[in-house]
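Protein chains in written order, with the working numbering: chain S, 1 to 369; chain X, 1 to 257; chain Y, 1 to 397.
Wrong hints could be hidden among the right ones.
Result set (BS3-like, lysine-lysine): computed pairs, CA atoms no more than 25 Å apart in a straight line [to be verified]: (1) X:147 x S:125; (2) S:125 x X:125; (3) X:169 x X:85; (4) X:243 x X:33; (5) X:33 x X:70; (6) S:276 x X:125; (7) X:169 x X:126; (8) S:276 x X:169; (9) X:126 x S:276; (10) X:122 x S:276; (11) X:147 x X:169; (12) X:85 x X:41; (13) X:236 x X:188; (14) S:88 x S:231; (15) X:188 x X:169; (16) X:41 x X:169; (17) X:147 x X:188; (18) S:125 x X:122; (19) X:125 x X:169; (20) S:125 x X:126; (21) X:140 x X:125; (22) X:188 x X:140; (23) X:125 x X:147; (24) X:169 x X:122; (25) S:276 x X:147; (26) X:85 x S:276; (27) S:276 x S:125; (28) X:85 x X:122.
I should point out that these hints are in silico values taken from the structure, not numbers from a laboratory.
This is what each chain is made of:
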Amino acid sequence: MTDITHDTTDLIEPRRGIVEKGWEWARANLFNSIFNSILTLLITGFIVWLAVPLFNWAVLDATYSAPNDAACKARGGACWAFIADWYKFLLFGRFPEVSRWRPALVILIFVAMMLLSSQARLKGKHLLTMWAGGVVISVALMFGGFLGMPYVETELWNGVPLNLLLTVGGCGLAFPVAIFAALGRRSRMPAIRWLSIAYIELIRGVPLITVLFMATVMVPLFLPTGMTIAKLWRAEVAFTLFFGAYLAEAIRGGLQVIPRGQYEAADALGLGYWRKTWLVILPQALSISIPSLVNTSISAFKDTVLITVVGIFDVLGDVNNAMNAPEWRSAYWEGYSFVALLFFAVCFYMSRYSQRLERSLSRARPGRR
Amino acid sequence: MAVQESAKPQTAGQPMIELRNVNKWYGDFHVLKDINIGVRKGERVVVCGPSGSGKSTMIRCINRLEEHQKGQIFVDGIELTGDVKHVEAIRREVGMVFQQFNLFPHLTVLQNLTLAPIWVRKMPKKDAEELAMQLLARVKIPEQANKYPGQLSGGQQQRVAIARSLCMKPEVMLFDEPTSALDPEMIKEVLDVMVGLAQEGMTMICVTHEMGFARTVADSMIFMDQGQVVEVAPPKEFFANPKSERTKLFLSQILSH
Amino acid sequence: MTVDTRGPIGASTMERVWWREERFRFWAFQIGAVALVAAVLGYLWHNAVVNMERQGIASGLGFLDRESGFEISTTLISYTPANSYGRALLVGLLNTLLVSAIGSVFTTIFGVLLGVARLSSNWLLRQVTRWYVEVFRNTPLLLQLVVWWDLLRISAPGPRQALQILPNIYVSNRGLAFPVAEWHEVYLWMFAAMLVGILATIWVARWARHRQEQTGEQFHTILAGVGLVILLPLAVFLVAGAPLDLDKPALAGFNFKGGTVISPEFAALLFGLIANTSAFVAEIVRSGIQAVSWGQTEAAGALGLRQGQVLRLVVLPQAIRVIIPPMTSEYLSLTKNSSLAVAIGFADFMSIANTELNQTGQAVEVITIAMAVYLTISLLISASMNVYNRYMALVER
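Next comes chain S alone, as it looks inside the complex (with noise of 0.2 Å):
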């Protein structure tokens, strides 16, 4: 899991006052000097030498509809016709047919939040409980067994609400866990100091793959004799605590920029510790930290593919389970443009979105001395 924003500000534009046009634009853009000139001719062969190729097999001689492997594979290209037939199964697994439509509004739901977040201006709090409530309620739309709908076990949650699921879900319930190890990271008191340490470091030490281990694995042998939990609550557990401490270390960098003064004021007022930290730092804090938070929530969202390795079946894990049908066993380059583009979309609008903040916020400051 990486920390790093994705800035992609402006770069550096040749500073003129015309706007070029056409060749204007090419000769001092492409061709500007002999390297430059070799270094267009090279690039654009290169492209060229891909995208072709590429652009005949992705839609020139693609199928899209066909009914097995051998004819689709007939004319060479791109078997779309896999993905038309199976995008169902890729998208939502082996929940069971008839209530599909369950994860499927769930997705919406989840698409909805994305673009209410990132569009119009809600309020911290309003955003909140817009997203824990969005949650709570795809939670329940994938159980069921109430209002008619028939119950459907954890072990048939599959595919993309999942990867949704764990990422908003495990940051979540992460959320307080980070906030109680980033202020306890900066506590006076020494115990208190060295546990958060403890956490955060060995968390970010070890691989995520580690930790699903040991929660899939060892959490059956730490709970009392007899006592179960479904696979997918142990990778919850790991994903709670490994987001917990990313988290945590971005909260700490937005605690770190709030000025003494601000603790001196509240502590004059009479306000105590947790009012004070409630009341005062926090809000500040987070509010500072927020494109970090939303950074890190973009790499959970990309490692919850892992949870494949522990024998879970997200959208990645659909895809290797619908390769294993003998009618598609050489589909895998659709079916992993499927997966790409997917993850490409969705993180690559909210990296957008986390830049925008990261602009807004620093703008927004004024009268800070």
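On the provided structure of chain S, position chains X and Y as indicated by the hints.
Below, chains X and Y alone, put in the same frame as chain S:
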């Protein structure tokens, strides 16, 4: 050092604020050396001295923003100790205004004022807001109630800070160089508020360089240098006949413009 | 003025109570927290012991001495299935370190090139690198690794139709085959010559700086250094008669014989990690260079420094300070991400630990060992970064 009496007539009983043989060290550095001070109720004390003399440290010890290692501090009869309840009680009685204002940027002016009354004095929100509006009117900026601190000028922010402390109905107000971070044209509006407070009988300890204010308002001038209380006198005497050489040197430096 | 009716001087109207004292709370809270954590951990531990007994799972580290019984395809040290579990873990650890080391080196090179290319004056180059970075940063690493693996394992041609990308280097679905030079005594001398070259370069640099201070004349230290480090070993090589016996891979039957073959899994892991991490490094380098304000470059130019000098003397030293800490983070990331080898079948430390876990069932011991090993590696990398940071700070004084 003997406790210097103020020029006002003696009243029976104890001072509002009392520091006895207070000493403080930052590591090896002895920042407060045997401070003995008494401030009566309603008395206005101005503390001055060169930078590094410990004047800010001294008043910050009074509400436990700094901890003293030796000696005793009493506020309204309560001793300032490690007992959390003592500290809380004292902080309710003592209001502080900072050089850097320290308003809470994420809250509106009104919310800044009502925060402590609601959460510390457990006032109902309506009462707190009423009180806040009264005090905003007193510092002459009631129309700014719903703005954010970042939208106000320095002078306005400091007046809000004063109003915020007053919302807790303190017995004593501490001012730590309240006008030092202000542009010159805004100093007067803040000093006017402080003069108004003094006239209403508020007990005040003020660390400041504003000698004009001191002459008008102070009952007692305390001069500190290198961690010690060097001279205590009413302003007339203090400015006309400073007794110590160090006081004379200091006065010549700051009054020379 | 009101008349005070408080008690005698020296007494407080409020009692001091020991359990409200700051110092007491300080200790009580800490002891309480530690006790709570200890209690929870103890409870979990107790459950684990009971459960393991009931399920007949062995405990303790004795299993490390038992015979492993499984093969490992890529080993840096000698290993057979008759070796112990412990040795197998060691083999895995060496593989992890190998991948991390090679990966870090190439990531740095490629990442820096990408980062600088992002700021090129050529629009096409900027766009190509930008989209490369966006694609590799916004898709999961696991997916990328799986794609590389399939590329090298399934899409690659069979050994008989192997692609020859360079003379004597073949790519097939059995892996990457390339020639290896037979060991010759001369190589030792060449290595010594290179060390001599490095020392000579340091001496020349000192001399050149001294001369510049005295006379103002500049010397091409960098060129001289490169020459020394490369030409000296080359001279030794030639003098000894240029002994180079290549063990070339040649197609024999169904596979290659001779040379070395890197398995598709190893190659996939390596390429995948390099491609992915260098995208992150590119961003770090780019923002590091941009962090040096444009004013610095302008001022340096106004002083008459040439572009190369501006870069070397003004921009890079400042950029490096901003770049190094997140860069180290990326090396850490790369090392941790190498554990994904378990998903593509490469025998790194995690994979072997996983195999042993499945075979012995001793989950607690194996996972604890795994976490401890990765934690140690991480702490070592972080510690070296801290040392470097402190060194840089001192040098600033």
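Inset, instruction - For the pair we were handed, residue 147 of chain X and residue 188 of chain X, check the Cα-Cα distance against 25 Å. - result: 22 Å, holds
Legend entry - Hinted pair residue 85 of chain X and residue 276 of chain S, Cα distance within 25 Å: Since the Cα atoms of residue 85 of chain X and residue 276 of chain S sit roughly 16 Å apart, the hinted pair holds (cutoff 25 Å).
Inset, instruction - With a cut-off of 25 Å on the C-alpha distance, tell me whether residue 85 of chain X and residue 122 of chain X pass. - result: Holds: residue 85 of chain X and residue 122 of chain X sit about 16 Å apart, inside 25 Å.
Legend entry - Restraint status (C-alpha distance of residue 147 of chain X to residue 169 of chain X at most 25 Å): Given that 25 Å is the threshold and the Cα spacing comes to 23 Å, the pair holds.
Inset, instruction - Decide if the proposed pair is consistent with the structure: residue 169 of chain X and residue 126 of chain X, CA atoms, cutoff 25 Å inclusive. - result: 16 Å, holds
Legend entry - Distance restraint between residue 169 of chain X and residue 122 of chain X, which requires alpha-carbon spacing of 25 Å or less: Answer holds: residue 169 of chain X to residue 122 of chain X is near 13 Å, not above 25 Å.
Inset, instruction - Please work out if residue 125 of chain X and residue 147 of chain X have their alpha carbons no farther apart than 25 Å. - result: 18 Å, holds
Inset, instruction - Starting from residue 85 of chain X, check that the Cα of residue 41 of chain X is at most 25 Å away, please. - result: 23 Å, holds
Inset, instruction - Measure nothing beyond the straight line between the CA atoms of residue 147 of chain X and residue 125 of chain S; if it is 25 Å or shorter, mark the hint as holding. - result: 20 Å, holds
Legend entry - Straight-line alpha-carbon gap residue 276 of chain S to residue 125 of chain S, limit 25 Å: 19 Å, holds
Inset, instruction - With a cut-off of 25 Å on the C-alpha distance, tell me whether residue 126 of chain X and residue 276 of chain S pass. - result: 22 Å, holds
Legend entry - Pair hint residue 169 of chain X and residue 85 of chain X, alpha-carbon separation not exceeding 25 Å: OK: residue 169 of chain X and residue 85 of chain X at ~18 Å, within 25 Å.
Checked against the numbered hints above, the structure violates none of them.
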